[in-house]
Amino acid sequence: MLTAILVAAGLALAFGLLLGIAAQWFHVEGNPLAEKIDAILPQTQCGQCGFPGCKPYAQAIATGQADINQCPPGGETTIKNLADLLGVEAKPLNADNGKIKAVPLVAVIDEAVCIGCTKCIQACPVDAILGAAKQMHTVIAAECTGCELCVAPCPVDCIDMVPVDLGIEGFRFPEPQWLAARLADQPAENLASEPEATHG
Amino acid sequence: MAKMSPSHARSPQIARFAFHGGIHPPEHKDLTRDRPIKSLPIMPHYVLPLHMHIGAPARAIVQVGQWVAKGQVLAQATDFISASIHAPTSGVIIAITEHPIPHPGGLAAAALILEADGEDRAGEPLPPWPDFTTKSATELRGRLREAGIVGLGGAVFPTAAKLATGGTSSVHTLVLNGAECEPYITCDDRLMRERPEDILHGAAIVLHMMGANRCLIGIEDNKPEAIATLLTASAQDTRFETIAVPTRYPAGGEKQLLKVLTNVEVPRGRRATEYGLLCLNVATVAAIYRAVVLGEPMTERIVTVTGEGIVQPENFRVPLGTKISDVIAAAGGYTAGADRLIMGGPMMGFALHDDEVPVVKATNCLLALRPQDRPTTPAPQPCIRCSLCAEACPADLLPQQLYWYARAKQFDRAVEYHLFDCIECGVCSAVCPSHLPLVDFYRFAKTEVWAQERDHSKASLARERFEFRNERLERIKAEREAALNKKRQNLAVNTAVAPSVATGMDTATMVPSAPASDEAFGEYRPEPKALGTQRPGDVGTEPVILDSAVEAACVRAKARRAALDAERAQQESKLAPESKSDLP
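As given, the protein sequences belong to chains Z and S, one line each in that order. Under the working numbering, the first residue of the first sequence is numbered 473, with each subsequent residue one higher. Under the working numbering, the first residue of the second sequence is numbered 949, with each subsequent residue one higher.
Hints were generated in silico from the structure; no laboratory data involved. Owing to the predicted nature of the structure, the values given are computational and were not obtained by experimental measurement. One or more hints might be untrue.
Taking CB as the label site, the calculated pair distances span [as the list claims (entries may be wrong)]:
no.	chain 1	residue 1	chain 2	residue 2	range
1	S	1423	Z	638	31 to 37 Å
2	S	1259	Z	613	43 to 49 Å
3	Z	613	S	1015	30 to 36 Å
A partial selection of chain S residues facing chain Z, derived with a Cβ cut-off under 7 Å [said to hold, decoys possible]:
no.	residue
4	1360
5	1381
6	1385
7	1392
8	1417
For each residue, glycine too, the CB sits at the ideal point set by N, CA and C.
Modelling step: build the complete structure from the supplied sequences, incorporating the hints.
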């Protein structure tokens, strides 16, 4: 009887110790869920979601303080990916936060008008604007996320958002439209009765 | 270097192995196979895109208005994987601008425009190295880089970089690719028949560079004259073996040819050089010969101009940068009804949007077709999972699976099924009983994956910079706080010292009193710094401008904007004065 109690107690102690060490050893810094969410977000750092950047928004989603449909730059893809990650239903984008942009944008400073006030530099969340006080500023296009946060602070309204031109490197083959060709070829009643055979 | 071998067989060896899949499409090579290579007259203009090879674009080193000699370097390689560009003839650079290039999307890219002076005057040539055996592999690689040599089989990969990956002694066999498996194309066939010495000399240079002693020349058996020519030309040299490859598309694919000739299957993600093999196109080694022995940079290539849409199909030696419309005109122009112009062959080529684009290093064939010459493509039907495509795929992929994933835009799954091992040979589309444009789906999926990767790396960069900025702001805040605290403490010391001196106390034993009050801090005047003077408000590292200065600048800028707007309005009213005057 005593042996059994001692053995059980010993085992409990040993495993307790083991778990305690494991907790120390494999300690995870930060919130891994927030990091996973952050990896899905587009990193525009625009603040349209109401949080000061993508990481704060990710943390807010992870702690349940924010909904998954607050990110206009991410659009439907981001909402779908977040829904998949968190095991919730996807929902339409919160229209209060802004619209989904059709094309990616980049900020361009009209350098003839810029007065060198550094206000846009301070507003840029990713340090993509180069310049100094009373010196002309310019945007490092490769690092601009198109967040538009620099547009409002500019006292002389010299920042424009223009579509990103990737040139030949950014060429994408169009999606083959064979189904559309078939739609044109076939009478409508045939298509209506066609089973969803194309989903693999 | 030649070793006599009387027992050397005069009949070609036959390849003993085969690659998986493949097809035998109609060859159509009779149109040009007996047309000797002709030269073109000097054209008025040449367009030389800065990016006509795999890798980084070349950087222009000439200026607009500058006269250049034939063979002069116009743009220099900028990276390890990059290639220089040389003047195809003498003349003046009249522009460096965006110009349409041969591209499936019909896009434009930076190009040099050369106006020929008609004299075709050569500049100072690269020193000819007739005795290349005295040169080291590094020197020879440097020469290939200088001469802008790229693979002419279609991939246009810089040859200097390709030979560098082989290391010094690991490559034991050089494989020359003379398969030319695509229908219609005969430029390599003509080269092998007309200039076998160039090819063998070039191959000898590569053998010397790699320290290899065996060279297999693989030629499809539908080119018996080329096989016979090379067999005769190489009869004296035992290092060369000419091997007839059964005609089966795509036997000219690098991995497919290596399998057929050596039975080595190069696995995914590995290079042939890791298996002691190096594969080069016959035209590439001929260009290597000309660059090393004659000192000629790559300024021309052989182009097959063919198809039923061309009046007189020909093989031309075309200076790079010649406009395709000029080349077509030299071949008698288009026949009536020709409605499609393809760069490359019918299997792997792409349709050009118009013919005002230049011939580039990748242009092996210009194919013009009439509607009646193309196989009719009935409307696509749904995939029935017959797996004929998988049986025919020379890369051993599962094309139908790739198709499903590409269609459903599950690109990560397509990548798992080795989308990027697809060589886009078009065999799957050709055998598909449902006539699905399968290759179009793979091309679409590949560029989508690249776009996703671009977005992803951009997002990572933005995340990094955002976090760095936040860290920096925190640090600045903490530093300011610390500076303020220090000043408060100093102030406390000073205010405490003053009375202590008056009362004659020993300052050394003095202990600072409680932190100074805000009132005391408000009276504090910072000492001037050693370098420069400090303005009020210049506390941290962030630049701060006086509000009044900003306001003044804003007023100035507003006035400027207003002036600009007024000017624009004036111009608009000038453009449309009538519509303005109609207003009541």
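Okay, the hints, checked on the actual structure:
The beta-carbon spacing between residue 1423 of chain S and residue 638 of chain Z, approximately 35 Å, falls within the hinted interval of 31 to 37 Å. Between residue 1259 of chain S and residue 613 of chain Z the C-beta distance comes to about 48 Å, which sits within the given range of 43 to 49 Å. The hint said 30 to 36 Å for the Cβ distance between residue 613 of chain Z and residue 1015 of chain S, and at roughly 35 Å that hint holds. Hint status for residue 1360 of chain S: violated, given a least beta-carbon distance of 11 Å to chain Z, over 7 Å.
Interface hint status for residue 1381 of chain S: violated, as the beta-carbon distance to the closest one in chain Z is roughly 14 Å, over 7 Å. Below 7 Å, beta-carbon pairs count as interface contacts, and residue 1385 of chain S has one with chain Z at about 5 Å; its hint therefore holds. Hint on residue 1392 of chain S holds. Least Cβ distance to chain Z is approximately 4 Å, under the 7 Å limit. A least Cβ separation of about 5 Å between residue 1417 of chain S and chain Z falls short of the 7 Å threshold, and the interface hint therefore holds.
Of the numbered hints given earlier, the model fails hints 4, 5; all others are met.
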